[in-house]
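Each chain, written out:
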Amino acid sequence: MLEIKGLNVKLEEEDKQILKGVDLSVEAGTVHAIMGPNGSGKSTLSYVLSGRDGYVVTEGSATLEGHDLLDLEPEERAAIGLFLAFQYPVEIPGVGNMTFLRTAVNAQRKARGLEEMNATEFLKLIRQKAKELQIDADMLKRPVNVGFSGGEKKRNEILQMAMLEPKMCILDETDSGLDVDAMKLVADGVNALRGAGRGFLVITHYQRLLNHIQPDVVHIMSDGRIVKSGGPELALEVEENGYGDILSEVA
Amino acid sequence: MATLDQTTEVKEGVDQETVDAVREVGGKYKYGWETDIEMDYAPKGLTEDIVRLISTKNEEPQWMTDWRLEAYRRWLSKKEPEWAMVDYPQIDFQDQYYYARPKSMEQKPKSLDDVDPKLLDTYAKLGIPLKEQMILAGVEGAGDTPAEARDGERKVAVDAVFDSVSVGTTFQKELKNAGVIFCSISDAIRDHPELVKKYLGSVVPVSDNFYATLNSAVFSDGSFVYVPPGVRCPMELSTYFRINAENTGQFERTLIIADKGAYVSYLEGCTAPQRDKSQLHAAVVEIIALEDAEVKYSTVQNWYPGDEDGKGGIYNFVTKRADCRGDRSKVMWTQVETGSAVTWKYPSCILRGDDSQGEFYSIAITNHHQQADTGTKMVHLGRNTRSRIVSKGISAGQAQNTYRGLVSMHPKAKNSRNFTQCDSLLIGDRCGAHTVPYIEVKNNSSRVEHEATTSKVDDEQMFYCRQRGMDEEEAVALIVNGFAKEVLQALPMEFAMEAQQLVAISLEGSVG
Amino acid sequence: MALAQPKITATEERLSALRLPESGVWLARARGAAQDRVRTMGLPAARDEYWKFTPPGTLVQPEAPQAAVFRHDEAPVFDGIERLKIVFVDGVFDAAASDPLEGEGLQIERLADVAAQDIHWARDLYGVLETRGQTPVDRPLAALNTAYASDGILIRVTGHVSKPVSLIYHHESTSSDAILHHVMKVEEGASLTLLENGPAAARFNKVMEVDVADSAAFHHVRAQGRDHERRAATHIFARLGRESTFKSFTLTVNGKMTRNECVIELTGDDAVAHVAGAALGDGDFHGDDTVFVTHDAVNCESRQVFKKVLRNGATGVFQGKILVKPGAQQTDGYQISQSLLLDGDSQFLAKPELEIYADDVACSHGSTSGAIDEDALFYLRARGIPGNVATDLLTLAFLAQAVDEIEDETLRTEMAARLEGWLSRRSG
Numbered sequence: 001m002l003e004i005k006g007l008n009v010k011l012e013e014e015d016k017q018i019l020k021g022v023d024l025s026v027e028a029g030t031v032h033a034i035m036g037p038n039g040s041g042k043s044t045l046s047y048v049l050s051g052r053d054g055y056v057v058t059e060g061s062a063t064l065e066g067h068d069l070l071d072l073e074p075e076e077r078a079a080i081g082l083f084l085a086f087q088y089p090v091e092i093p094g095v096g097n098m099t100f101l102r103t104a105v106n107a108q109r110k111a112r113g114l115e116e117m118n119a120t121e122f123l124k125l126i127r128q129k130a131k132e133l134q135i136d137a138d139m140l141k142r143p144v145n146v147g148f149s150g151g152e153k154k155r156n157e158i159l160q161m162a163m164l165e166p167k168m169c170i171l172d173e174t175d176s177g178l179d180v181d182a183m184k185l186v187a188d189g190v191n192a193l194r195g196a197g198r199g200f201l202v203i204t205h206y207q208r209l210l211n212h213i214q215p216d217v218v219h220i221m222s223d224g225r226i227v228k229s230g231g232p233e234l235a236l237e238v239e240e241n242g243y244g245d246i247l248s249e250v251a
Numbered sequence: 001m002a003t004l005d006q007t008t009e010v011k012e013g014v015d016q017e018t019v020d021a022v023r024e025v026g027g028k029y030k031y032g033w034e035t036d037i038e039m040d041y042a043p044k045g046l047t048e049d050i051v052r053l054i055s056t057k058n059e060e061p062q063w064m065t066d067w068r069l070e071a072y073r074r075w076l077s078k079k080e081p082e083w084a085m086v087d088y089p090q091i092d093f094q095d096q097y098y099y100a101r102p103k104s105m106e107q108k109p110k111s112l113d114d115v116d117p118k119l120l121d122t123y124a125k126l127g128i129p130l131k132e133q134m135i136l137a138g139v140e141g142a143g144d145t146p147a148e149a150r151d152g153e154r155k156v157a158v159d160a161v162f163d164s165v166s167v168g169t170t171f172q173k174e175l176k177n178a179g180v181i182f183c184s185i186s187d188a189i190r191d192h193p194e195l196v197k198k199y200l201g202s203v204v205p206v207s208d209n210f211y212a213t214l215n216s217a218v219f220s221d222g223s224f225v226y227v228p229p230g231v232r233c234p235m236e237l238s239t240y241f242r243i244n245a246e247n248t249g250q251f252e253r254t255l256i257i258a259d260k261g262a263y264v265s266y267l268e269g270c271t272a273p274q275r276d277k278s279q280l281h282a283a284v285v286e287i288i289a290l291e292d293a294e295v296k297y298s299t300v301q302n303w304y305p306g307d308e309d310g311k312g313g314i315y316n317f318v319t320k321r322a323d324c325r326g327d328r329s330k331v332m333w334t335q336v337e338t339g340s341a342v343t344w345k346y347p348s349c350i351l352r353g354d355d356s357q358g359e360f361y362s363i364a365i366t367n368h369h370q371q372a373d374t375g376t377k378m379v380h381l382g383r384n385t386r387s388r389i390v391s392k393g394i395s396a397g398q399a400q401n402t403y404r405g406l407v408s409m410h411p412k413a414k415n416s417r418n419f420t421q422c423d424s425l426l427i428g429d430r431c432g433a434h435t436v437p438y439i440e441v442k443n444n445s446s447r448v449e450h451e452a453t454t455s456k457v458d459d460e461q462m463f464y465c466r467q468r469g470m471d472e473e474e475a476v477a478l479i480v481n482g483f484a485k486e487v488l489q490a491l492p493m494e495f496a497m498e499a500q501q502l503v504a505i506s507l508e509g510s511v512g
Numbered sequence: 001m002a003l004a005q006p007k008i009t010a011t012e013e014r015l016s017a018l019r020l021p022e023s024g025v026w027l028a029r030a031r032g033a034a035q036d037r038v039r040t041m042g043l044p045a046a047r048d049e050y051w052k053f054t055p056p057g058t059l060v061q062p063e064a065p066q067a068a069v070f071r072h073d074e075a076p077v078f079d080g081i082e083r084l085k086i087v088f089v090d091g092v093f094d095a096a097a098s099d100p101l102e103g104e105g106l107q108i109e110r111l112a113d114v115a116a117q118d119i120h121w122a123r124d125l126y127g128v129l130e131t132r133g134q135t136p137v138d139r140p141l142a143a144l145n146t147a148y149a150s151d152g153i154l155i156r157v158t159g160h161v162s163k164p165v166s167l168i169y170h171h172e173s174t175s176s177d178a179i180l181h182h183v184m185k186v187e188e189g190a191s192l193t194l195l196e197n198g199p200a201a202a203r204f205n206k207v208m209e210v211d212v213a214d215s216a217a218f219h220h221v222r223a224q225g226r227d228h229e230r231r232a233a234t235h236i237f238a239r240l241g242r243e244s245t246f247k248s249f250t251l252t253v254n255g256k257m258t259r260n261e262c263v264i265e266l267t268g269d270d271a272v273a274h275v276a277g278a279a280l281g282d283g284d285f286h287g288d289d290t291v292f293v294t295h296d297a298v299n300c301e302s303r304q305v306f307k308k309v310l311r312n313g314a315t316g317v318f319q320g321k322i323l324v325k326p327g328a329q330q331t332d333g334y335q336i337s338q339s340l341l342l343d344g345d346s347q348f349l350a351k352p353e354l355e356i357y358a359d360d361v362a363c364s365h366g367s368t369s370g371a372i373d374e375d376a377l378f379y380l381r382a383r384g385i386p387g388n389v390a391t392d393l394l395t396l397a398f399l400a401q402a403v404d405e406i407e408d409e410t411l412r413t414e415m416a417a418r419l420e421g422w423l424s425r426r427s428g
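Chains A, B and C are the protein sequences, given in the same order. The UniProt record's numbering puts the first residue of the first sequence at 1, with every later residue one more than the last. The UniProt record's numbering puts the first residue of the second sequence at 1, with every later residue one more than the last. The UniProt record's numbering puts the first residue of the third sequence at 1, with every later residue one more than the last.
Just chain A, with the same shape it has in the complex (with noise of 0.2 Å):
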């Protein structure tokens, strides 16, 4: 379903290149997780793949069901199926958690020629969604992600998932600031949402996650490459030995 070949990526204000030939394929109804020290390029991959600025593309492709993702606008990425739960999800003042998810909803129905919903099936749908995530109503009336504690902004992130109903979900390190009764929540909320052919690339820097969200495929990416890929066991290896065993390995 994603398919990633030879992407490399530099900045674009400096010259300084992040990722240097990356292979991935995804495939529907599996979830894969890439793992990897602090400054490897985990996180510019979610970015280069939702379409944020500050990047350049040199080189390679990527594809989410054969549709080329790097020449969409980050909406029309959106629009064909791909999410990003962000690792830090800003905080909008003034425009209403719920005013946005609506706005959202109603843009990518558009975008994909639904018509739009109205504001009781709306109501109606996001108040199930949010009752699973045990986001109170509260939460939904408060501006976007102001105010809202680490926990809350990250099951405002998969609560979105859940409306948003994307094929391909990114999540970049989901599992940071979260303390384990959270975490649970969070990853209850993402394996909800398995299976039905939705693709997952699971980004995290430690294996704890996983240990909620059992991933197929573990790539390890270290210099903007992905090094090594196996299965759930890679991630045991990571938690019991660190990164400087696989990468010496590599090397």
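Worth flagging that the hints you see were computed from the coordinates, not collected in a lab. Misleading hints may appear alongside valid ones.
Here are the computed lysine-lysine pairs in the PhoX-like style, where the Cα-Cα straight-line distance is at most 20 Å [said to hold, decoys possible]:
(1) B:Lys377 <-> C:Lys325
(2) B:Lys260 <-> B:Lys176
(3) A:Lys141 <-> A:Lys153
(4) C:Lys325 <-> B:Lys456
Facing chain B, from chain C, some residues (calculated, C-beta under 10 Å) [claimed, not checked]:
(5) Val324
(6) Leu342
(7) Ser346
(8) Asp359
(9) Ala362
Glycine included, C-beta positions come from ideal geometry on N, C-alpha and C.
Knowing the structure of chain A, use the given hints to seat chains B and C on it.
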């Protein structure tokens, strides 16, 4: 109401050391005495002849004389600015001496050993070492110097300006070895005319404003600094200005050039005797920072502020401006303004080079009848330029304290940033604190943020301090030092202690 | 200080294009004194400090610059709101379109109707609050208005008022030059909500003097827009008594030249004054909010909230001042001015001032200017919201913080909806 066991937060950064320092410093204006020394005066008043005389006394070349005369002619057609929130009696510019020189300085001393002992005593009494084995104490007696400074054996080269002339500059040889030129501006005009010609008036043009134009015509001395490419000046440079003679205006001119990749930190201090009649001081400082150069300019301005009834004191009209001409150049102004009856001063940065940076840290304290109208201009011309303004104004007695500033983002100054924090503290209900910022943003990739607050000394903090045994003045000094901490921290260490003590002295009689 | 000759010339040229309306004793005296004030001050010129950011030329020139009439098919502003309508067309009262000038707790008259009387309650206010507002800063266009205003509405509020009074302005002539002067006297314990909307004329000079007595309240909501060619200089002079409330909100959309001055004097203890504005400017838009709040009593609160969104070379100006006089202890003064620049050609010019002569105060001001938050924009787009929609959403959110200053929920909703509608029309 706060209960006793609740911990009231005393502003950070006020430690026991400060409290002790505040306690130790007694008395009022410490530098109000006068040196009894025979002087040569030019006749009172200002004419072309006086301008020529100043030029001749300084043994200047013709081009310099012409430059001064041009300034004088322009000055005649200029009006005194009236927009500042300061109020003072009309100054009679013809009732001033524009040149005063100790008789003993008629023959320029060859070395510091030849300097009139009376002059050396004056500076010793001010705590300014003109002997090279001494380090700058900043305040009287090395006992007050922070231990770190003593251990580090930090050297400071000093240029001492007494009324109209420079009496001597220390560490000449050591600086010369590093390639740094540090001398009086009159020496520089003679010995380095190519540098002076190229840079003098290039930041503050001759006709910039009334006082700068006056200064251009009659400046008698001042300091000159040139740091060659890639050189990090091996010690702090310092100029100490002393007004001594009566009815004498002081017009010094400072020119600092940091060539590509150079670094220099410069300190300026000033005092004057206690007199009933006000005296005029109109200085110009120009700084040029070329590519990758960095200049730090710190001032502790402690001119005589006048007495408790507002009698006497210095009228301080100063034009200070830095041109960050080169890419990635950086200039930092730090000022502690505690003296003068009237202060009119806006140290500014022209951020011309791409990625250049300007910073302005200021504490202005006014008490009794003092008036200060001070601030900065940050003019962003280059791309990715940054500026930061932190201004702390403290007003007590019947004083008026105004922050006046400009932040200007030109259309071409893409991706630039400014942050301004401007806080005022009022002590007593008869003083005033004012904020007059101008903000002009002409491109949208730049971000400008301005914040200002005005409040009084927090009652709970005061109570907390007093409950712990401090009297009101001590408590105020302590809290004010905390309020001004961010600026005090920007000062070189030698000055930081002096400044903290000055804060306390300046606020004496402000409470109770 | 003597005026410069060019200023005298410009002032006399303007005055010679005007004629003092026929008036009875009290009004003639007020007009004459105002005319003298104009001559003493001189009309604004480009180099005046108070006009540093706004070129006064088109507001001062003898003839009004031509302005095309703006036609639209939108529902009128405040349409669904029950109100007492008073209509002016190009500055001329339209009796047919207006409701009868009467209402519970209200005494409403036209200036032109009472001008011939020898005595009237408005004598104590007409030109009086304007004169007070001339210190310490000259406002010559307001004095000009007092001298030459052709008409206006005088409202005295004595008791309970059942519905808002709504001043509706229509613009029909491309060269109309309207001068209106309103006086509002809200007596002790009474309250009034005043609404204003519509393009008034090619050029509009309006003064409103508002006297809010002890424990009285005055609420003002105004919509300027969506016409673009107008030129307007408006002044509000308000005097607040003890425990009184004054709240004013202005929505400004489009307009080649709009200068809104608001001069508020808190003279009674425990009074509250809020002034807010949201502006949306495009192209050769020039919008200037100039506010001057004087605290001259104990324990008063003032609040200024101004937000502007500018694009395609639009210019936004904010000059705001809080003056705390000696003895005005326990003052709480707040001021924020922010602008969002949607492109590189637009500019924001600001002078947020504090002048404080009392120590027991908490005053603060903030001012920011910059582009739209790229992180927020990306976040919205990553959720599938197209760039222009996301920009509008963030624009509305930014301006909403000023709209939220409106106390009345119905009016707040009306202004928010109007803003949204105007924004979407602009995008289309």
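Does the closest beta carbon of chain B sit nearer than 10 Å to the beta carbon of Ser346 of chain C?
Constraint on Ser346 of chain C satisfied, holds at 6 Å.
Starting from Lys260 of chain B, check that the Cα of Lys176 of chain B is at most 20 Å away, please.
18 Å, holds
Decide if the proposed pair is consistent with the structure: Lys141 of chain A and Lys153 of chain A, CA atoms, cutoff 20 Å inclusive.
14 Å, holds
Take a quick look at whether Lys325 of chain C and Lys456 of chain B sit within 20 Å of each other, Cα to Cα.
15 Å, holds
Holds or violated: the hint that Ala362 of chain C contacts chain B, with Cβ atoms closer than 10 Å.
Holds: closest Cβ of chain B sits about 5 Å from Ala362 of chain C, inside 10 Å.
Is the interface hint satisfied for Val324 of chain C? The criterion is a beta-carbon contact with chain B at less than 10 Å.
At about 8 Å, which falls below the 10 Å cut-off, the nearest Cβ of chain B leaves the hint on Val324 of chain C intact, so it holds.
Verify the proposed pairing of Lys377 of chain B with Lys325 of chain C, using a straight-line Cα cut of 20 Å.
28 Å, violated
Supplied contact hint for Leu342 of chain C, tested at 10 Å Cβ to chain B
7 Å, holds
Please check whether Asp359 of chain C passes as an interface residue: C-beta within 10 Å of a C-beta belonging to chain B.
4 Å, holds
In summary, the structure is inconsistent with hint 1 from the numbered list given earlier, while agreeing with all the others.
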